[in-house]
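Asker: Sequence:
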Amino acid sequence: MKPITAKHLWSFPLIFGFLGGVIGLVLRYAFTGSIANFPFKFVLHSHSHIMLLGFVFNALIVLLFTRFTNGINKTSYRLYLALQVCVAILLVGFIIQGYALITIIFSTLHLWISYWLVIRLWKQLVGKKSDLTLIKAGIIFHFISSIGPYALGPLMGMKMQASPWYQQAIFFYLHFQYFGSFFLWMLAILFQRTTVELSKKQIILIISALVLLYTHSLKYSFNHLAIQIIGGISSIILTLFFLKLKKSFSKQKLTYQLFFGILLFIGIMNCFGSIPYFSNLVITNRFMLIAWLHLLFLGMYLPFIWMELETKTHTSTWIAYTFFLLTSEAFLVFPAFFSELFSASIMWLLFIAYFGVVLCISIVHLTALFQKNETYELTRTR
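No gaps in the numbering here: position 132 of the sequence shown is 131 in numbering that gives the first Met the number 0, and each next residue is one more.
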């Protein structure tokens, strides 16, 4: 077996991130009404799974193995490759048949293989105790999140697809991924790079806040004052947690200072999401929901992953990406205003904005993919 290098590992999230972006752009074009009989739901499933599993999950796993272990061993690398086969099959399978036998089998297989891989990661971890605690908590959240998908089968068997619990099973999985595993892994990598070390009390606070934030998802199905209060408290804790780190980040290089601003903004937006008026907007307005999800994935996770690439993203690309992303968010939040302002369909305006976003993604990912810099060996013998 040839030596495994960082470039070998990075090639998959870079490729899937590029493909996921292109599929998303095709979706935006189809929403303009330019493609007849387009399978919107099928393609949307493909787009979301590829960006979630093929890009963000892959990239964070690569960063964890390269930053917090002494090297990925051959067994772990084979498991990583097996995950890529599953993602590739899901990419095509969802477009062809949506949720059906093949996609159910390989999404389940991806989950089971990921268990094996993260357990091996846990056993190989080295680094600061506070960082490792965050990573381990993220691994535990990864297991907890899978309760959601496992609940879907019994709910379908009981013909409860129309019940709020079916939707909550999906939300449960998503929350404990993007505000559980992914979030804690990202923080561990960030704190290692910026030499920020958390106390035991701070770790308990951030983990507790992320668990309680699930109440924001419950708001989609249930209207209860306790849900609103718990969501508000957890959002405030999250925001205060980041405010406490302001002094530490003020000493870091500009890139990390700006990213700290993004984290603080996400915390503040969660506080707004605890106010009934704004939470109801997200629940009743699909554009607002998409704006929030894109803010998390395109406004937080993607910039973080680009920051950690060996290939540095050019300043002009950062500026262009920020412009197109903020423009797309504005279109989603104020569709009627911009449609009237430009005398154009909001779907065409969104397509143009996302064309810019995907163009930037293409530039960064393809540049990193075909770079000719020297890579370092990551192979271990067992």
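None of these hints come from the bench; they were simulated from the model.
Certain hints may be false.
[To be verified] Mimicking DMTMM-like on lysine to aspartate or glutamate, the simulated pairs with C-alpha atoms at most 20 Å apart in a straight line are:
id, residue 1, residue 2
1, 252, 309
2, 252, 307
3, 6, 339
Note that the structure is predicted; figures quoted are calculated from it, not measured.
Asker: Are the Cα positions of residue 6 and residue 339 separated by 20 Å at most?
Answerer: Violated - the C-alpha atoms of residue 339 and residue 6 are around 47 Å apart, more than 20 Å.
Asker: Verify the proposed pairing of residue 252 with residue 307, using a straight-line Cα cut of 20 Å.
Answerer: Measuring from Cα to Cα gives roughly 14 Å; hence the hint holds.
Asker: Given the hint that residue 252 pairs with residue 309, does the C-alpha gap stay at or below 20 Å?
Answerer: It holds: about 17 Å lies between the C-alpha atoms, which stays within 20 Å.
The earlier numbered hint that this structure contradicts is number 3, and it is the only one.
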